[in-house]
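Protein chains: 4
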Amino acid sequence: MAVNWPGQDDLLQWLDKDLNNWGRWGTDDQKGTLNFLSQQKALNAIQSVEHGVQVSCARPVEFSASVDVPRPPQHFMVSAGDTYRPDESDEREVAMDYFGLIFHGHTVTHIDSLSHFFWNGQTYNGRPSTVVSTAEGATEFDVMPSTGGIVTKGVLVDAPLLRGVDYIERGDGVGVDDVLAAESEHGVKVESGDVLLLRTGQLGRRSITGPVDVWKDGSSGPSPELLPLIHEREVAVLGSDTGNDVGPNPYSKFTNPVHQVGIVGLGLWILDNAWLDDLADEYKRQGRWEFMISILPLKLPTVTGSPVNPMAIF
Amino acid sequence: MAVNWPGQDDLLQWLDKDLNNWGRWGTDDQKGTLNFLSQQKALNAIQSVEHGVQVSCARPVEFSASVDVPRPPQHFMVSAGDTYRPDESDEREVAMDYFGLIFHGHTVTHIDSLSHFFWNGQTYNGRPSTVVSTAEGATEFDVMPSTGGIVTKGVLVDAPLLRGVDYIERGDGVGVDDVLAAESEHGVKVESGDVLLLRTGQLGRRSITGPVDVWKDGSSGPSPELLPLIHEREVAVLGSDTGNDVGPNPYSKFTNPVHQVGIVGLGLWILDNAWLDDLADEYKRQGRWEFMISILPLKLPTVTGSPVNPMAIF
Amino acid sequence: MAVNWPGQDDLLQWLDKDLNNWGRWGTDDQKGTLNFLSQQKALNAIQSVEHGVQVSCARPVEFSASVDVPRPPQHFMVSAGDTYRPDESDEREVAMDYFGLIFHGHTVTHIDSLSHFFWNGQTYNGRPSTVVSTAEGATEFDVMPSTGGIVTKGVLVDAPLLRGVDYIERGDGVGVDDVLAAESEHGVKVESGDVLLLRTGQLGRRSITGPVDVWKDGSSGPSPELLPLIHEREVAVLGSDTGNDVGPNPYSKFTNPVHQVGIVGLGLWILDNAWLDDLADEYKRQGRWEFMISILPLKLPTVTGSPVNPMAIF
Amino acid sequence: MAVNWPGQDDLLQWLDKDLNNWGRWGTDDQKGTLNFLSQQKALNAIQSVEHGVQVSCARPVEFSASVDVPRPPQHFMVSAGDTYRPDESDEREVAMDYFGLIFHGHTVTHIDSLSHFFWNGQTYNGRPSTVVSTAEGATEFDVMPSTGGIVTKGVLVDAPLLRGVDYIERGDGVGVDDVLAAESEHGVKVESGDVLLLRTGQLGRRSITGPVDVWKDGSSGPSPELLPLIHEREVAVLGSDTGNDVGPNPYSKFTNPVHQVGIVGLGLWILDNAWLDDLADEYKRQGRWEFMISILPLKLPTVTGSPVNPMAIF
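Chains as they are written, first to last, in the numbering used here: chain A, 1 to 314; chain B, 1 to 314; chain C, 1 to 314; chain D, 1 to 314.
Relax, there's no trap hidden among the hints.
Any copy will do: because identical chains look the same in the list, a pair fits if it lies in one copy or spans two.
Below, computed lysine to aspartate or glutamate pairings styled on DMTMM-like, alpha-carbon distance capped at 25 Å:
{"id": "1", "residue 1": "Lys284", "residue 2": "Asp166"}
{"id": "2", "residue 1": "Lys253", "residue 2": "Asp87"}
{"id": "3", "residue 1": "Lys17", "residue 2": "Glu88"}
{"id": "4", "residue 1": "Lys253", "residue 2": "Glu136"}
{"id": "5", "residue 1": "Lys41", "residue 2": "Glu282"}
Bear in mind the hints are in silico, worked out from the structure with no lab data behind them.
Every value quoted in this text rests on a predicted model; they were computed, and no experiment measured them.
Please take these sequences and the hints and turn them into a complete structure.
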């Protein structure tokens, strides 16, 4: 199945005009599509829970380098349990650690804030990209507007299940037909304020094949043709078990069209590298296709996103 | 009000015997008091939600050094928006960052896993403390057992409100009387699997007074006399708006009795530096004293805890 | 004694024209004033050594935060000696560590490469400042051109000794008169290829007073009026026991005139925060005022300088 | 050529007794073999310089992960030149960076201090290994005693040249015969206070073959049979273009015999991963086999060594 690539001019028109949300929630808006969330929406999702079954959508952080993790997360112990010796002071019996990471990329489950991408020197809502500076970080559009909590309805589109394959190939994407198939076959509906999760099976496959050089071997993810649907349905957060852009792509101007049009134009919050295999399994067990989801980004002022542990509850 | 300090021998007996949970959930148990969580408990908490109002219990991470943050978190931009210049390549229009931190301490909202403290060379459940090594981190008792999600009922004990003061003084603690007063006056009940949150007002006060040298000027927190109640009521997670131990204390052997007896003896998960002022305000607005709480630690293998953004929902 | 501030227009003219070395050593030059070094110059310095007495001009790196070290260097042990226990494996008996730092600033002894400052979007030698990028570091003008070794004659101007005071006050600078006084009174001569070291006594004073907020309380250092002399005498490296700019200054355009005119205009290599008190003491003991100096920056490609341990030999 | 492995019992006897320098320079000694340095020794080396030709013995630090650099050095810009835009403030025209690294290992040119290895819970000079702690670093035997400067005579043993091969194979070592051959054929003499540099050609070869997994594919380096000679000749610093231990080895107790016997028993300072190919070339050009060498470790209190840029001068 080949990706149905929109024309580059279409993407430009979507970004600038058709799907553009600049000013929609005021000139000072920093929340973008999180404006589709609401107390009522959260309540509905909460009230849809039937069993209290929780499924984590995060994969463990790996602290080792690999072909898709050229700059690995760091972990150092500041004190540890092996420093204790019998008959020495009790004082030392504490463990503490330092960890640090570049969460953007292809392996850490994280959310992108609206400062992760720019277009022609502008951010979402038309601010100059200089508001995100090397010296001070994201003085606007950091992850903070999301830290009041993303609690809403989640919808999973399990593209391999729908297509009857093991996984969506690198270079292929999850498109409009997959979403519509999920709606017709699984009885779900992508609605305003939802977290839309697209499963390709690629992250689970990495556990089998080992790390993959996504810059060389390509990647799966949402097809950019989904952008109008995402806009129309008022999706709050788009996520998948990939870096959320199909590669390679045919464009001269767009390296990451879903991020570039989505973040800059729509103000779309994106969840990268979500672990969706357990969710897919639970889905099948439950026999129902709606769930509550909680995404609780860390309160990291001036940071362009956050590692997260999204939790689906049935 | 003075802290009613238990005798040191009592603490030792609690740790070793009276409140000791070693083996209670099997010799291989890594979850400790999270065993009090259950699907039914989660469902009950979820079904108690009436309005969908969300209140974050995290304070923003500060990236600057201060008297109580001697080793500040780090934040570096790997790419930023101010590097863009008109008429140059689009490729550069992305922002990425590195952040890293020692989350243990007195300012970052975080959860301690069961490897954070030891006693006489042993961890909770009687394993040698060498399982937490300088070179490899927490090979057991890391934060992973909590990453399936802590979704349960939360109870807030607002000690200053109950006592009619602005805040609990440094050197004073929240004790059994405060919890019982909350139960009788606010109609709450601390039950098996609950997250018990004790508010002292000290973290909010830091916003006014500026950073405080807790090692010199003391700290508030849960009094160790609470430990039997915590054990009896089967509290899953104990949290407060402090580092969760009163300082200074009168003991020769215990620097942090709540952590030392709680973590090592009970297998108690502890939430440090929670931001409870917004929760206290919402409490008053809601006129009800029970809420659902979600704590979703990051999936950090071998790490002794995680920064978190706990979310209360009414 | 007040600083004899040159006019801002003079500084601009120096930078652009009078003292400007762009193209002097070719359009591709990355060495700037290190071109004044030579094999013969090194040999002369080496042959001037009489006793083999070595004096380090570095101060110890401090790993703790203070008012002039807001982002302190980091040091973590990856393995350590306290992890050993009797009768356990030998394998663990190794210590390793991670250290990291922002060396620029006011406490670490370090050398600035020619990418540390820019002027109107240009580097030394007229390259666009974009050659030093957030994502890739200093793709030009990094510290590498100095790593063949700076071995040459050193000259110390001990300004407090010459003026008969304990130290040069913050807000005051070491000027032309001080250098000329050193030449006439101490029989030294600042010549082509020399490392010129200006002592203010301020770094030694910090050991007594504790950390000082240089951004608020000012700083001593070389007066910008020295720049023509530095140019004329063909100084290879300018150093002092300060951050090498007097603060505050009267300019609207120049925050750090010595750095800005020196680095960008002259291609001057600057040694910040050198420890000169031991050197001053040795000076007095030796009764002679010339020495060999070795500065051996680390081979750090794309980095804008290096911490160093400059060694004077008499 | 096979390594002539000493028996394990010999190594133990060397460490404990025959080559043991504990107490030789006092019970408080922290300098070990640097005690062989002297002002006169430095002066002799300085006076042996004929031409002023400088040759760096450091290789550039690599900031990317590879099979022999699993935890790569870090480099982040705190401010950079690409953040400047025409007609904006001059203030931003500065570049600063953070770099950090684990220098021990197989690629960074660095010196080991006497806290890098332990034996049975003891350091060199019989102190408990607990003086090097996870929480505080090397409270003894850090790199500081070397920061007064290592300026002395250097001797290069170019083993491949002497053997008429391109490089010494992994698994093979540079042994006594190589050193004696260098002495008889090249007219050098290894004497008290010298820096002895052994070239295998392996680091240069890495530039051709790419990174090698030394833990799997083995390593070259000094054979442990050299230890008595090193002791007898009173070598101050032993260095090579390897990690300084041959691997694999036949011992059950020694993973790194040269480090373990050398550092702990002799108090030997070791220079790892020196770049010796340029030195070998210069050697051939000069037709003489003695040189002055300067090793100037950074002043890093509590750190177990330092990256360095050793400079040979002919």
